[in-house]
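J.: Sequence:
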Amino acid sequence: MTRVAVTLARTVTSLWSFYLRRWGRFAMLGCLLLAMVSCQQVPQRAKAEPLTPTASQGTSKGTETYGPATRLAVLEDPAIKESSGLVASRSTPGLFWTHNDSGDGPFIYGFDSRGGRKGVWRVVDAFARDWEGIAAGPGPQRKQSYLYIGDIGDNREQRSEIVVYRVPEPTISAAEISSTKSKPRFTESAEAIRLRYPDGKHDAETLMVHPLTGSLFIVTKVAFANPGIYEASRPMSSDGPITLKRLGELNIPSLLGGIITGGDISPDGRRVALCDYMQGYEIVLPDGAAFNTIWNQPLRPIGLGQRKQGEAIAYRLDGNALLATSEGLPAPLIQVVRR
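Going by this note's numbering, the letters in the sequence shown line up with residues 204 to 542, in that order.
Derived from the structure by calculation, the hints contain no laboratory data. These figures come from a predicted structure and were not determined experimentally. Don't take each hint at face value.
[Unchecked claim] Each computed EDC-like pair below joins lysine to aspartate or glutamate, with the alpha-carbon atoms no more than 20 angstroms apart:
id, residue 1, residue 2
1, Lys404, Glu434
2, Lys404, Glu364
3, Lys384, Glu434
4, Lys448, Asp471
5, Lys386, Asp521
6, Lys448, Asp315
7, Lys346, Glu391
8, Lys384, Glu452
9, Lys346, Asp280
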């Protein structure tokens, strides 16, 4: 099969899974129609629009800003079956945190850049309904790094409230590396931050926290339309539900439209990375501009290599590379480095 055909097949497969979770038996008709239309258009699109590379094209050629995607490792812990969020540790440089999609308990998993196991923690006082994103940022205590875990998935758009759990980030020591899902370590008690959208119910898989201000951002997931951007500013507490502020929407340069599955803000707060099932994107803040003007800037496509179902992307702690994982086993760890 050609690279375009392989990318098309992966796209249709990912959309099939998306529609099945949301619309059940009506998925077949939608995906078949998508496949028919796409098959008719792909040869012409690949020739006529080279400025929007597919994931496979990005793998071989990279982009102006990033080099080609490299598979660093496979995650060793078989308990990580559906890596659905990713963030670089702030308390233990060189390590990363991930979690599974819905169906797992309230667990976070540590690993290094070689995919090596670095322990499992059960998040105390947290419930895992549909965890879809994880971020790191400041919180109530100064000089303390916090993890923010987004229970924000809502495939059928039925939830009147979503929850983000905030917990002090564990420091991973040598004694804790051997912990497993069956014998985990325990975090400190998590704070449940309840959130509401100002304009109805939405599905979302992208949670980001600004590393300096602590503002929380959610990007919704919607097929063939522009995803919405929502913000909750500090201070955030568990006293009552917080109504998010709608900032606008993003115009995604992709066949999939707004099916955004992951995101992160760079450690210096100057860039935003997003991903969907096909590829990644980056938005850059103009010099001297307020952060929220970043959402008006163009999205630059980034090839992320071969992923079965990519739902997680994160900046490396030094900000000079992006890393991505994929749901399914074996779970790859992919990296693209800034030129």
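J.: Hint by hint, note whether the structure agrees.
T.: Here's how the hints hold up against the structure:
1. Lys404 / Glu434: holds (15 angstroms)
2. Lys404 / Glu364: With Cα atoms ~8 angstroms apart, Lys404 and Glu364 stay inside 20 angstroms; holds.
3. Lys384 / Glu434: violated (33 angstroms)
4. Lys448 / Asp471: violated (23 angstroms)
5. Lys386 / Asp521: Measuring from Cα to Cα gives roughly 32 angstroms; hence the hint is violated.
6. Lys448 / Asp315: Given that 20 angstroms is the threshold and the Cα spacing comes to 36 angstroms, the pair is violated.
7. Lys346 / Glu391: Roughly 16 angstroms separates the two Cα atoms, so the pair holds.
8. Lys384 / Glu452: violated (38 angstroms)
9. Lys346 / Asp280: Outside the cut-off at roughly 31 angstroms; violated.
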